[in-house]
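Put together the whole structure using the sequences plus the hints.
Number of protein chains: 2
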Amino acid sequence: MTDANLTEEIANLCARARRASRKLAPRDRATKDRALHAMAAGLRARRGEILEQNALDLEAARQRGTKGALLDRLALDPARLESIAVGVEEIAELPDPVGGVIEARTLASGIAMQRVRVPLGVVAMIYEARPNVTVEASALCLKAGNAVVLRGGSEAFYSNRVLAKVISEALERSDLPPDLAAVIPFTDREAVRALVQQSESLDLVIPRGGEALIRFVTEHARVPVVQHYKGVCHLYLDLGCDVDMAVNLAVNGKLSRPGVCNALECLLVDEADAARILPKVAAALLAGGCELRGCERTRALVPEAREAALSDWGYEFLDRVLAVRVVRGLEGALDHIARYGSGHTEAICTTDSSRARRFQHEVDAACVAVNASTRFHDGGQLGLGAEIGIATSRLHWRGPMGLEALTTMKWILNGSGQTR
Amino acid sequence: MTDANLTEEIANLCARARRASRKLAPRDRATKDRALHAMAAGLRARRGEILEQNALDLEAARQRGTKGALLDRLALDPARLESIAVGVEEIAELPDPVGGVIEARTLASGIAMQRVRVPLGVVAMIYEARPNVTVEASALCLKAGNAVVLRGGSEAFYSNRVLAKVISEALERSDLPPDLAAVIPFTDREAVRALVQQSESLDLVIPRGGEALIRFVTEHARVPVVQHYKGVCHLYLDLGCDVDMAVNLAVNGKLSRPGVCNALECLLVDEADAARILPKVAAALLAGGCELRGCERTRALVPEAREAALSDWGYEFLDRVLAVRVVRGLEGALDHIARYGSGHTEAICTTDSSRARRFQHEVDAACVAVNASTRFHDGGQLGLGAEIGIATSRLHWRGPMGLEALTTMKWILNGSGQTR
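Line order of the protein sequences matches chains A and B.
So in the UniProt record's numbering, spot 33 of the first sequence is number 33, and the numbers just go up one at a time.
So in the UniProt record's numbering, spot 416 of the second sequence is number 416, and the numbers just go up one at a time.
Treat the hints as calculated values from the structure; they're not laboratory data.
Certain hints may be false.
Same chains, same label: a pair holds when it works inside one copy or across any pair of copies.
As the list claims (entries may be wrong) - Straight-line distance between alpha carbons at most 25 Å, and here's what the computed SDA-like set of lysine to any residue pairs gives:
#1 230 to 19
#2 165 to 218
#3 230 to 115
Right under this line is the structure:
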């Protein structure tokens with residue numbers, strides 16, 4: 001296919017999604033929830049076929065030499081498929097964000113004003129391996145009254161194709177246009193470039209994946225982008241903090257799931273209290289199989305720590321590796337975080353309420369936690385029910401993006417003939 | 001200056017604004033309000049100098065042959081300058097959006113969660129003629145805790161230069177970094193292109209001006225853009241509507257200020273009642289000096305109407321010209337608006353509450369008015385106090401952008417050692 005044909009086909013597909021979104025926007029909650037339940041039923045009914053197609057992707061991946069975590073992300077099995085179906089049913093149970101009143105007031109002119117939530121329109125998701133994203137993103141966008149255009153990775157080609165079929169069957173069965181969820185069958189970069197330039201048809205692009213993909217999308221987009229960049233999360237252990245709590249927060253933050261964006265990547269410890277705090281925290285991390293990379297003063301207290309390189313500050317290890325630095329109190333921690341943090345999640349362990357307040361006030365990140373694990377920066381934990389990702393960009397939304405983040409607003413005025 | 005030097009100078013200026021914004025973000029309301037009052041005082045103290053510099057711009061404009069509305073937008077006089085100063089004092093009186101709690105909840109884990117408003121960071125404004133925007137944008141951004149980078153048009157070069165001086169003096173006098181409000185001294189397109197690519201330093205770009213400028217910015221931006229496109233606003237006169245109200249809404253919507261974005265550009269009338277409604281409404285408009293361009297059925301009822309061309313539907317006249325079309329009831333009006341509306345403001349005049357509801361529900365626009373003039377789609381009227389523009393894009397904000405629209409959010413967690 002030539003680039004011109006590719007661009008035209010993608011433009012047509014996006015235009016159809018736009019038309020379908022206009023038909024969905026005024027539909028009521030019951031219609032949308034019915035389609036979500038049909039989607040869950042379809043996932044169960046076509047289980048065999050889905051697993052067969054997924055096996056083709058897995059086989060191809062193995063032949064390319066893919067192993068470990070990457071292969072695991074791609075793999076579906078009956079239990080995972082069931083949990084995806086349950087996830088869709090849970091989205092159906094969530095309140096409908098559309099029509100929600102953000103603000104209501106009677107204006108000086110006597111006009112009744114309401115600012116209400118309405119669907120965004122058409123959302124494009126660009127993502128890698130995980131086929132569950134195909135279903136989750138479709139379900140969230142549908143519930144918020146949006147059409148979705150999905151461009152998954154080549155690794156999941158067969159899985160995404162059959163999942164797209166299940167989704168469009170569910171839409172048809174619910175008397176909704178199947179164009180509401182479109183899967184782009186082209187997996188090369190040219191398709192991404194063509195997609196993110198459809199400014200007439202798309203309202204938002206969400207790239208999920210490695211930094212290179214996100215930068216590529218940001219570079220070429222003519223459509224607003226919400227970025228989900230890396231999480232370089234810090235935990236600062238303050239003078240006088242509870243050492244048992246510090247141990248728990250550090251071990252949970254690093255070791256419960258090292259490979260995700262709310263994992264700790266760096267521990268900061270107040271120099272005035274490091275001798276009391278650091279050996280115990282380090283011992284627990286080491287016992288859990290974590291490699292420590294420390295500054296000179298860390299290594300004086302924790303001989304097992306390797307020497308940290310300058311490049312270890314601000315690095316997202318996504319592994320059982322943690323950078324450790326002794327700093328000059330809160331001031332030193334704030335400076336380090338301002339310089340090396342990625343604006344995702346930052347935490348402090350402290351017993352001092354004024355330093356806690358200052359940390360929360362001055363740290364510039366999507367989520368700031370006092371005496372709580374960075375793991376709570378998660379849509380489910382924060383009560384959103386489901387999330388499409390955690391936004392590290394600042395415009396429109398920041399942090400976990402649930403249904404509300406997939407809407408925009410409309411100002412509604414009801415008067416009795418007022419002019420001005 | 002070479003392009004490379006220009007880009008470097010703009011990058012430096014944006015980086016300084018970023019550093020200044022970090023210093024401003026944690027400052028309290030009193031500091032910001034003090035700076036705003038100093039700004040208003042400075043405008044009054046330097047009145048002579050400001051008017052002198054503005055006279056240089058006006059003289060240059062006259063020599064280029066500029067006339068009428070364009071010249072008027074550029075001109076300052078003592079009364080206008082005083083009203084700009086009063087506007088800044090009014091912004092100081094508005095509540096501080098920063099720190100406002102959007103949502104507060106105790107999570108299942110016992111953690112106290114708050115979602116609060118924080119400054120966006122650094123906002124770039126790109127605009128044409130009007131020098132008052134230099135002051136208003138600076139004041140709004142400062143109040144919301146942001147730095148601002150201003151790139152005004154060449155027409156206002158001298159005016160903007162002296163206003164920039166007044167603003168930075170006010171910041172210094174209030175012990176705030178003068179880099180918080182930076183005026184870019186380069187007025188060519190190359191400077192715009194360099195500016196909108198400073199993704200490391202800018203969080204938002206707001207272009208204000210003609211469609212060509214907005215498209216240029218959108219095309220080249222690597223920073224999120226909120227667009228303020230045109231307003232092609234419709235008023236639909238429904239079967240059975242109050243003809244006196246229809247006359248008032250049409251005359252106010254078109255003739256009170258034909259040249260701004262919330263002005264009516266097209267009147268739609270239900271065919272079933274056009275004979276009763278249209279002649280009176282048309283007579284009032286014609287009496288006010290408005291040219292009417294009508295469809296065939298309009299011209300049968302209003303012989304004074306000229307024949308509308310196809311290109312008159314969806315056209316922003318910004319003048320004493322109004323397109324008029326007889327349509328097949330509400331359905332016909334909704335179709336016309338979906339096809340030709342610009343998503344800015346749409347109004348209906350009706351006595352039927354179910355058709356009113358359907359119009360509000362189905363019309364996709366930033367503001368939808370029932371029995372109220374489109375003129376109420378305005379920051380001051382909607383109670384925002386002041387606005388930086390009316391957004392016609394959907395992401396982040398839609399409609400009049402006041403202080404809240406210049407903030408983002410932060411999730412704050414307070415726990416007692418919770419892990420998961």
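Going down the list of hints, with the structure as the test:
1. 230 to 19: between (35 Å within a copy, 22 Å between copies)
2. 165 to 218: neither (30 Å within a copy, 35 Å between copies)
3. 230 to 115: between (34 Å within a copy, 21 Å between copies)
Consistency with the previously given hints fails for number 2 only.
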